[in-house]
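Protein chains: 2
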Amino acid sequence: MTDDHQSFEGDLARLRQSIDNLDAAMVHLLAERFRCTHAIGELKARVGLASRDPKREVAQLRRLRSLASQSGLDPDFAQKLHALVVREVITNHEAVKISGAGNQC
Amino acid sequence: MTDDHQSFEGDLARLRQSIDNLDAAMVHLLAERFRCTHAIGELKARVGLASRDPKREVAQLRRLRSLASQSGLDPDFAQKLHALVVREVITNHEAVKISGAGNQC
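Line by line, the protein sequences give chains A and B. Going by the working numbering, the first sequence opens with residue 1, and the numbers climb by one from there. Going by the working numbering, the second sequence opens with residue 106, and the numbers climb by one from there.
For the record, the hints were derived by calculation from the structure and aren't laboratory data. Note that beta-carbon positions come from the ideal geometry of N, C-alpha and C, so glycine has one too. Do not take every clue at face value.
Covered stretches of chain B (in silico footprint by chain A; criterion: 3 or more residues with CB under 8 Å from a CB of chain A, positions within the stretch not fixed) [said to hold, decoys possible]:
no., segment
1, 108-116
2, 136-144
3, 164-170
Simulated restraints on C-beta separations [claimed, not checked]:
no., chain 1, residue 1, chain 2, residue 2, range
4, A, 66, B, 163, 15 to 23 Å
5, A, 50, B, 161, 38 to 46 Å
6, A, 76, B, 119, 28 to 36 Å
7, A, 52, B, 151, 42 to 50 Å
8, B, 109, A, 79, 32 to 40 Å
9, B, 108, A, 21, 24 to 32 Å
10, A, 76, B, 181, 18 to 26 Å
11, B, 130, A, 4, 18 to 26 Å
12, B, 109, A, 63, 24 to 32 Å
13, B, 161, A, 7, 13 to 21 Å
14, B, 118, A, 61, 14 to 22 Å
15, A, 18, B, 180, 19 to 27 Å
16, B, 119, A, 75, 25 to 33 Å
Can you make the complete structure from the sequences, with help from the hints?
So, in structure tokens, the structure goes:
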């Protein structure tokens with residue numbers, strides 16, 4: 001194994017360790033985020049409010065795209081992530097309508 | 106406005122503030138994650154390695170699903186997020202092939 005190859009393997013392992021740490025942090029943040037949306041769903045169900053709030057979704061998206069630009073993340077990717085999360089929240093909400101609990105954005 | 110309604114508005118605002126904070130943290134983590142994949146792409150391009158590593162992707166996915174289960178996140182949602190990120194990395198890599206830089210998982 002050459003010095004160059006050893007250096008490559010070391011650099012790759014270090015970067016992958018960082019990615020694994022960042023991924024673990026993201027999973028835990030998302031778990032907490034869905035705990036919040038679940039709590040909001042329960043609140044709204046209690047007062048009979050609609051699960052979706054289009055104005056809130058538009059404001060969230062605008063803010064996420066702005067934060068993405070500031071941090072060097074592609075704003076289009078942030079938008080894809082937001083769409084994925086909102087879809088999940090809606091799916092949860094539909095399940096909740098049947099079960100009588102609450103879970104939304 | 107009734108006490109119940111005031112309580113609802115306060116609870117909703119507090120939960121939404123938490124969601125906004127969690128979303129901001131996620132955007133910054135993702136920005137850092139793509140910095141790492143970009144650096145890996147450059148490393149691999151330098152030594153002529155393939156951008157994708159299916160064994161690594163399988164190991165990542167298994168770990169993410171396990172972390173999701175432990176933290177109370179739906180493992181299927183973690184898998185959707187992983188797929189979204191991997192797709193983005195591949196798209197970046199295809200762009201990089203043309204430009205001569207590197208960016209991958």
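Results for each hint:
Counting residues of the segment 108-116 of chain B whose C-beta lies closer than 8 Å to any C-beta of chain A gives 4; at least three are required, and the coverage claim holds. Under the rule that three or more residues need a Cβ within less than 8 Å of chain A, the assignment of the segment 136-144 of chain B holds, with 8 such residues. Residues of the segment 164-170 of chain B with a Cβ under 8 Å from some Cβ of chain A number 3, which satisfies the need for three, so the listed coverage holds. A C-beta distance of roughly 35 Å is found between residue 66(A) and residue 163(B), which places it outside the suggested range of 15 to 23 Å.
For the pair residue 50(A) and residue 161(B), the beta carbons lie near 43 Å from each other, so the given range of 38 to 46 Å is met. For residue 76(A) and residue 119(B), the Cβ-Cβ distance of about 31 Å falls inside the hinted range of 28 to 36 Å, so the restraint holds. For the pair residue 52(A) and residue 151(B), the supplied restraint of 42 to 50 Å holds, since their beta-carbon distance comes to about 48 Å. Distance hint for residue 109(B) and residue 79(A): a CB-CB separation of about 36 Å, consistent with the stated range 32 to 40 Å.
At about 45 Å, the CB distance of residue 108(B) to residue 21(A) disagrees with the hint of 24 to 32 Å. A hinted range of 18 to 26 Å holds for the C-beta pair residue 76(A) and residue 181(B), which are about 24 Å apart. Range check, residue 130(B) to residue 4(A): about 37 Å between beta-carbon atoms, so the 18 to 26 Å window is missed. Hint check: residue 109(B) to residue 63(A), Cβ distance near 29 Å, so the stated range 24 to 32 Å holds.
Between residue 161(B) and residue 7(A) the beta carbons are some 19 Å apart, a value that agrees with the proposed interval 13 to 21 Å. For the hinted restraint 14 to 22 Å between residue 118(B) and residue 61(A), the CB-CB distance of approximately 19 Å keeps it satisfied. Distance hint check for residue 18(A) and residue 180(B): the Cβ-Cβ separation is about 23 Å, which falls inside the suggested range of 19 to 27 Å. Between residue 119(B) and residue 75(A) the C-beta distance comes to about 28 Å, which sits within the given range of 25 to 33 Å.
In this structure, the hints that do not hold are numbers 4, 9, 11, in rising order.
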